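K.L.:
Protein chains in written order, with the UniProt record's numbering: chain A, 1 to 87; chain B, 1 to 189.
If you're looking for bench data, these hints aren't it; they were derived computationally from the structure. Just so it is clear, the structure is predicted and the values come from calculations on it, not from any experiment. C-beta atoms are modelled at their ideal positions from N, C-alpha and C, and glycine is treated no differently. Among the hints, a few may not be true.
Stated by the list, open to error - Label pairs and their in silico Cβ distance ranges: (1) 80(A) <-> 52(B): 36 to 44 Å; (2) 101(B) <-> 48(A): 39 to 47 Å; (3) 47(B) <-> 5(A): 35 to 43 Å; (4) 83(B) <-> 67(A): 38 to 46 Å; (5) 114(B) <-> 14(A): 35 to 43 Å; (6) 52(A) <-> 91(B): 42 to 50 Å; (7) 25(A) <-> 3(B): 15 to 23 Å; (8) 17(B) <-> 80(A): 23 to 31 Å; (9) 101(B) <-> 8(A): 26 to 34 Å.
To be verified - Heads up, incomplete: computed chain B residues facing chain A, CB under 8 Å, no partners named: (10) 5; (11) 7; (12) 9; (13) 56; (14) 60; (15) 73; (16) 76; (17) 104; (18) 174.
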Amino acid sequence: MENSLPADYYRLLEELQAVDFVLVELTLYLDTHPNDTASINQFNHYARERKKLKKAIESQYGPMQQYGNSYSGTPWDWNKGPWPWQV
Amino acid sequence: MWIYEKKLQYPVRVSTCNPRIAKFLIEQYGGADGELAAALRYLNQRYSIPDKVIGLLTDIGTEEFAHLEMIATMVVKLTKDATPQQMRDAGLDAHYANHDSALFYHNAAGVPWTASYIQAKGDPIADLYEDIAAEEKARATYQWLIDMSDDPDLNDGLRFLREREIIHSMRFREAVEILKEERDRKTVF
Ligand SMILES: [Fe+2]
Numbered sequence: 001m002e003n004s005l006p007a008d009y010y011r012l013l014e015e016l017q018a019v020d021f022v023l024v025e026l027t028l029y030l031d032t033h034p035n036d037t038a039s040i041n042q043f044n045h046y047a048r049e050r051k052k053l054k055k056a057i058e059s060q061y062g063p064m065q066q067y068g069n070s071y072s073g074t075p076w077d078w079n080k081g082p083w084p085w086q087v
Numbered sequence: 001m002w003i004y005e006k007k008l009q010y011p012v013r014v015s016t017c018n019p020r021i022a023k024f025l026i027e028q029y030g031g032a033d034g035e036l037a038a039a040l041r042y043l044n045q046r047y048s049i050p051d052k053v054i055g056l057l058t059d060i061g062t063e064e065f066a067h068l069e070m071i072a073t074m075v076v077k078l079t080k081d082a083t084p085q086q087m088r089d090a091g092l093d094a095h096y097a098n099h100d101s102a103l104f105y106h107n108a109a110g111v112p113w114t115a116s117y118i119q120a121k122g123d124p125i126a127d128l129y130e131d132i133a134a135e136e137k138a139r140a141t142y143q144w145l146i147d148m149s150d151d152p153d154l155n156d157g158l159r160f161l162r163e164r165e166i167i168h169s170m171r172f173r174e175a176v177e178i179l180k181e182e183r184d185r186k187t188v189f
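Bound conformation, chain A alone:
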């Protein structure tokens, strides 16, 4: 599976990882600073960004999540690699 993925996959993945880093940071920060409105606005902005990025990745490379949090292709494509430690 390794090396069979185009550069575009890695670019999109890193973009998502960057946006998600902001979201993880803001999540922990807001857990202890729940009244910081500016940070909440920033959080909601990046939450929308991650939705778009997830959609862009999934439309080309298959579902990122399952249990119904992503759509499936036919045949069932969730158990198709590569898994994160294989790329």
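Given chain A, put chain B with the ligand in place with the hints provided.
P.N.:
Coordinates of chain B with the ligand only, in the frame set by chain A:
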């Protein structure tokens, strides 16, 4: 309920096959101050901690599982091209005898993970101080690992993980203050 996402929290790259450093990294997989211990400690403490910090314990505990997966990925990448002789030279022969190339929850010296590494005291301040100490110990371990590694790609990932421990420690300190404030308010009125 937890939802898995098919991606690492941060990209993991290694420059060369290096089973010797992989052996050391296992400390953060199944060691006393490793990511498994962290995740299980925080998630278990949630059931008795005051409501105000349940969210924080949930979110940090969940992030620790993402770190556990990063460590596993580092170990896989550092060992996947190693010859049996390289594994032996790196001191991984004892591991191989028991687990072949499987990962296992033990520390760098091969001692299996045990629940006695973690505590849940039912006292929120005691629990949070343990969490702060755990983060500082994990941060120190990452520093020792970085000091022993001369792989710039690996060190990039290890530095990310070290920085996360600093943030977690900071957030737990803030949680202590939140609980102290709440406690003081209760005694005043
Ligand atoms: Fe941590």
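K.L.:
All hints, please: hold or fail.
P.N.:
Against the structure, the hints:
no. : hint                         : result
1   : 80(A) <-> 52(B): 36 to 44 Å  : 42 Å, holds
2   : 101(B) <-> 48(A): 39 to 47 Å : 42 Å, holds
3   : 47(B) <-> 5(A): 35 to 43 Å   : 41 Å, holds
4   : 83(B) <-> 67(A): 38 to 46 Å  : 41 Å, holds
5   : 114(B) <-> 14(A): 35 to 43 Å : 37 Å, holds
6   : 52(A) <-> 91(B): 42 to 50 Å  : 47 Å, holds
7   : 25(A) <-> 3(B): 15 to 23 Å   : 20 Å, holds
8   : 17(B) <-> 80(A): 23 to 31 Å  : 27 Å, holds
9   : 101(B) <-> 8(A): 26 to 34 Å  : 32 Å, holds
10  : 5                            : 5 Å, holds
11  : 7                            : 6 Å, holds
12  : 9                            : 7 Å, holds
13  : 56                           : 4 Å, holds
14  : 60                           : 7 Å, holds
15  : 73                           : 4 Å, holds
16  : 76                           : 5 Å, holds
17  : 104                          : 16 Å, violated
18  : 174                          : 4 Å, holds
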